[in-house]
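2 protein chains.
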Amino acid sequence: MTNKSPTASLLIIGNEILSGRTQDKNLNYIAKGLGEIGIRFMEVRVVPDIHQTIIDTVNELRNTFDYVFTTGGIGPTHDDITTESISKAFGVEPKINDASYAKLEKYYKGELNEGRIKMAILPDGAIPIDNPISAAPGFYIENVYVMAGIPNVMQAMFDEVKGTLKHGSVLISKEIKAYTTESKISNPLSDLQDEYDNVEIGSYPFIEGSKIGVSLVFRSDDESALDECLAKMNVILNEQKAV
Amino acid sequence: MTNKSPTASLLIIGNEILSGRTQDKNLNYIAKGLGEIGIRFMEVRVVPDIHQTIIDTVNELRNTFDYVFTTGGIGPTHDDITTESISKAFGVEPKINDASYAKLEKYYKGELNEGRIKMAILPDGAIPIDNPISAAPGFYIENVYVMAGIPNVMQAMFDEVKGTLKHGSVLISKEIKAYTTESKISNPLSDLQDEYDNVEIGSYPFIEGSKIGVSLVFRSDDESALDECLAKMNVILNEQKAV
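Sequence order for the protein chains is A and B. Residue 1 is where the first sequence starts when you use this note's numbering, and the numbers rise one by one after that. Residue 244 is where the second sequence starts when you use this note's numbering, and the numbers rise one by one after that.
A portion of the hints provided could be inaccurate.
[Said to hold, decoys possible] Below 27 Å or equal to it, Euclidean Cα-Cα: the simulated DSS-like pairs (lysine-lysine) are:
1. Lys268/B / Lys420/B
2. Lys352/B / Lys95/A
3. Lys346/B / Lys184/A
4. Lys25/A / Lys275/B
5. Lys352/B / Lys106/A
6. Lys352/B / Lys241/A
7. Lys454/B / Lys25/A
8. Lys184/A / Lys427/B
9. Lys420/B / Lys241/A
10. Lys484/B / Lys25/A
11. Lys25/A / Lys268/B
12. Lys25/A / Lys417/B
13. Lys268/B / Lys109/A
14. Lys275/B / Lys417/B
15. Lys427/B / Lys177/A
16. Lys106/A / Lys484/B
17. Lys247/B / Lys109/A
18. Lys417/B / Lys103/A
Treat the hints as calculated values from the structure; they're not laboratory data. Treat the numbers as computed from the prediction; the structure is a model and nothing was measured.
Okay, chain A solo, but in the shape it has when bound:
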């Protein structure tokens, strides 16, 4: 597998995920979206609303991966501390972004208060990401993309920036659903993985009513190697059935 594809990580900011109040839905959306454009999704972190934790984590991730996405904490209330924390991580001041201010003014028909103005404050140098749903923008600064936590707003923001990201080689994924057990196939599967180092083979047991089985997922950016590997796996499964 090529190692030249860009890498990405996600930082989910929010006490509500760690308390169990909210089930995160953003990770999966972002994972699929990054896969479509060949960006390798390498790590996710979920952290609470604590300034220093956010600052340290953003700095670690942005120095490790090509892209960092964050979700949550960009609203107007006291527990929305993402913008302030990202500013500190980059050593810049948060300041009113004129374009975002104008959009919020239009959206609220001129009735801006302190809370609404807070949403136009971005780290100095950040570029706003449009929010087609409730006007409060996300933003990006260098390789860090800061998005809302509410899934439909997050999705709109992610879809907007997706086209601007560097693309990598897309991994093709093919799957065999085998009604067998992992322990029966683990040896030949391991040999097959050793033979094809450019195909990533994943084995995921499942239960369907009273039937058990294994989903075998083959991923590669080399489709002919993928198909060859898949064909060999089918031979192995048929041989086992014949025994």
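Once you've looked at the hints, dock chain B against the given chain A.
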């Protein structure tokens, strides 16, 4: 809020989460379970099936938090590398656990093969965690609890160990559903948060059909402070309605 409650983190091991193939359901279950026994859930990481990444992350987390839970990667196939990685993180050898071997032998009616025996191999010194569903055990070693990735198996394992963990002070959570916007209440809410440093106030906007609103979540281990704070918030909301 007391800082004496134990802390915990979760390490989700699995390419299938990062590829978007699988939507994780374990985080939320563990979050709720830890909340019930007063353990503060401080961080989650999701990492791919890469030995060194797992080793480094486990070592970082176990030195930072009282408990580390891991999910995924304990089956018999080549991509199940959790046991091997945890052994390396602790500098011990993986070896057959006699009790787990006996259970697997019974479960498979004596028909053990290499793949099945692999599931009885634990880091030297680890204690098995029973798997009532498919016999392949989880385990714990010092403060690291290693569980399956399949949700119903993970839940059974987590429920089994839950009672043995150190308990902390349970945070009581109460919620006000307000049909207002965050920007209208952000100032008085921030003042209220400043007044009650032992109550954690979270503000989460929601959309219900054409109605928008804010869920205000108050959490504390001091119920009288919590109720006082909640009552003041209701006064603020009523005053705003009256304007």
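**Request:** Mind checking the alpha carbons of Lys417/B and Lys103/A for me, to see if they're no more than 27 Å apart?
**Result:** Since the Cα atoms of Lys417/B and Lys103/A sit roughly 35 Å apart, the hinted pair is violated (cutoff 27 Å).
**Request:** Verify the proposed pairing of Lys268/B with Lys109/A, using a straight-line Cα cut of 27 Å.
**Result:** Given that 27 Å is the threshold and the Cα spacing comes to 42 Å, the pair is violated.
**Given pair status - Lys25/A, Lys454/B, alpha carbons within 27 Å** = 22 Å, holds
**Request:** Take the C-alpha atoms of Lys247/B and Lys109/A, compute the straight-line distance between them, and say whether it is at most 27 Å.
**Result:** 49 Å, violated
**Item:** Lys275/B paired with Lys417/B [C-alpha distance capped at 27 Å]
**Value:** 15 Å, holds
**Message:** Just to be careful, I want the Cα atoms of Lys352/B and Lys106/A compared with a cutoff of 27 Å; is the pair within it?
**Reply:** 72 Å, violated
**27 Å Cα cutoff - pair Lys352/B, Lys241/A** = 21 Å, holds
**Asked** Given the proposed pairing of Lys268/B with Lys420/B, does the C-alpha separation stay at or below 27 Å?
**Response** Holds - the C-alpha atoms of Lys420/B and Lys268/B are around 26 Å apart, at most 27 Å.
**Message:** Given the hinted pair Lys25/A and Lys268/B, is their Cα-Cα distance within 27 Å?
**Reply:** Measuring from Cα to Cα gives roughly 10 Å; hence the hint holds.
**Message:** For Lys106/A and Lys484/B, compute the direct alpha-carbon distance and say whether it is at most 27 Å.
**Reply:** 24 Å, holds
**Item:** 27 Å limit on alpha-carbon distance, applied to hinted pair Lys25/A and Lys417/B
**Value:** With a Cα-Cα distance of about 23 Å, the restraint between Lys25/A and Lys417/B holds, given a limit of 27 Å.
**Asked** Between Lys427/B and Lys177/A, is the straight-line Cα distance small enough, at 27 Å or below?
**Response** 53 Å, violated
Comparing the model with each numbered hint stated earlier shows that hints 2, 5, 8, 9, 10, 13, 15, 17, 18 do not hold.
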